[in-house]
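With the hints as extra help, turn the sequences into a complete structure.
Using the working numbering, the letters of the sequence shown correspond one by one to residues 1 to 225.
Hints listed in this document are in silico derivations from the structure and should not be mistaken for laboratory results.
All figures in this text were calculated on a predicted structure; none of them were measured in a lab.
Mixed in with the good hints, there may be bad ones.
Unchecked claim - With a straight-line Cα cutoff of 20 Å, these simulated EDC-like cross-link-like pairs (lysine to aspartate or glutamate) come out:
1) LYS2 to GLU181
2) LYS25 to ASP94
3) LYS2 to GLU188
4) LYS2 to GLU29
5) LYS25 to ASP148
6) LYS25 to GLU115
7) LYS25 to ASP48
8) LYS8 to ASP216
9) LYS25 to GLU89
Stated by the list, open to error - Just the calculated beta-carbon pair ranges, DEER-fashion:
10) LEU96 to ASP216: 24 to 34 Å
11) GLY190 to ASN162: 28 to 38 Å
12) ASP48 to CYS85: 17 to 27 Å
13) ARG88 to GLY190: 24 to 34 Å
Cβ atoms here follow ideal geometry from the backbone N, Cα and C, with glycine treated the same way.
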Amino acid sequence: MKRPLVIKFGGTSVGGGAEMVRAAKIVAEAAQNGPVAVVVSAMAGTTDALLGYADATAGSRTTMGETREGTVAELRRTLANRHLCATREAVSEDHLPEVEERIFALLERLVEMVEEPAADPYARRDEIAVYGERLSATILAGAIRSLDVPAAVAPGDPIATNGDFGEAEVLGEETRRRAGEYVWPLLEAGSVAVVPGYVGRAPDGSVTTLGRGGSDFSATVLGQA
Numbered sequence: 001m002k003r004p005l006v007i008k009f010g011g012t013s014v015g016g017g018a019e020m021v022r023a024a025k026i027v028a029e030a031a032q033n034g035p036v037a038v039v040v041s042a043m044a045g046t047t048d049a050l051l052g053y054a055d056a057t058a059g060s061r062t063t064m065g066e067t068r069e070g071t072v073a074e075l076r077r078t079l080a081n082r083h084l085c086a087t088r089e090a091v092s093e094d095h096l097p098e099v100e101e102r103i104f105a106l107l108e109r110l111v112e113m114v115e116e117p118a119a120d121p122y123a124r125r126d127e128i129a130v131y132g133e134r135l136s137a138t139i140l141a142g143a144i145r146s147l148d149v150p151a152a153v154a155p156g157d158p159i160a161t162n163g164d165f166g167e168a169e170v171l172g173e174e175t176r177r178r179a180g181e182y183v184w185p186l187l188e189a190g191s192v193a194v195v196p197g198y199v200g201r202a203p204d205g206s207v208t209t210l211g212r213g214g215s216d217f218s219a220t221v222l223g224q225a
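Written as structure tokens, this is what we have:
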């Protein structure tokens with residue numbers, strides 16, 4: 001297989017439905033010339049909101065779903081409104097139900113995590129922080145499919161790291177193995193592989209983050225894997 005082109009989209013480049021459509025068109029055009037992997041950031045502002053809720057609820061169960069950042073229900077509603085609006089603008093009717101279903105599933109899991117503090121607050125913080133990337137990747141993959149180009153979100157996180165939550169370091173050899181497991185099969189099948197940026201996996205399976213700006217680093221690492 002020809003070495004894939006890795007394209008990175010930052011938060012402003014996927015900041016709404018129109019931006020998602022533009023990004024999808026760039027990917028669709030590039031895919032005419034060979035395999036493409038896409039690394040995508042969260043919509044601008046999403047990660048800050050998620051970290052605010054993660055920090056506000058660290059160490060204790062929320063009371064009636066309320067935090068100093070607002071209620072958890074408000075978090076879900078805000079994220080749902082923003083991401084569903086983008087989805088309905090960027091994704092065709094044929095693909096809309098599956099994308100909406102995935103968004104709702106991600107949001108439900110996110111609410112569960114925010115409401116139930118974990119034993120390790122740093123691990124919990126990282127796992128909450130990456131939901132913006134997961135939501136963006138879901139929408140962008142749907143937008144690409146809407147242009148009649150096969151696309152799927154990688155079924156696992158390909159970037160392997162150590163266990164330093166918040167500023168994890170990449171493990172090159174294990175990243176190559178994980179990319180071979182989760183990314184290359186999609187490319188070999190003729191699909192665009194969409195990868196949430198900023199996200200890693202520690203040796204014990206915990207979700208990690210590469211620190212702010214980690215999505216850019218994710219694209220660099222994936223391009224070298």
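Verification of the hints:
Pair hint LYS2 plus GLU181 holds up; C-alpha atoms about 17 Å apart against a cutoff of 20 Å. As the CA atoms of LYS25 and ASP94 are separated by approximately 18 Å, the hinted pair is consistent with the 20 Å bound. At most 20 Å may separate the alpha-carbon atoms for a hinted pair to count; LYS2 and GLU188 meet this at roughly 9 Å. A distance of roughly 17 Å separates the Cα atoms of LYS2 and GLU29; the hinted pair therefore holds under the 20 Å criterion.
About 11 Å separates the Cα atoms of LYS25 and ASP148, which keeps this hinted pair within 20 Å; it holds. For the proposed pair LYS25 and GLU115, the alpha carbon gap of about 38 Å is over 20 Å, so the pair is violated. With a C-alpha separation of about 28 Å, the suggested pair LYS25 and ASP48 falls outside the 20 Å cut-off, and the hint is violated. At roughly 7 Å between alpha-carbon atoms, LYS8 and ASP216 fall within 20 Å of each other, so this suggested pair holds.
A threshold of 20 Å between alpha carbons decides the hint, and for LYS25 with GLU89 the separation of about 14 Å falls inside it, so the pair holds. At roughly 30 Å, the beta-carbon separation of LEU96 and ASP216 lies within the given 24 to 34 Å, and the hint holds. At roughly 34 Å, the beta-carbon separation of GLY190 and ASN162 lies within the given 28 to 38 Å, and the hint holds. The beta-carbon spacing between ASP48 and CYS85, approximately 19 Å, falls within the hinted interval of 17 to 27 Å.
The hinted window of 24 to 34 Å between ARG88 and GLY190 holds, with their beta carbons roughly 27 Å apart.
In summary, the structure is inconsistent with hints 6 and 7 from the numbered list given earlier, while agreeing with the others.
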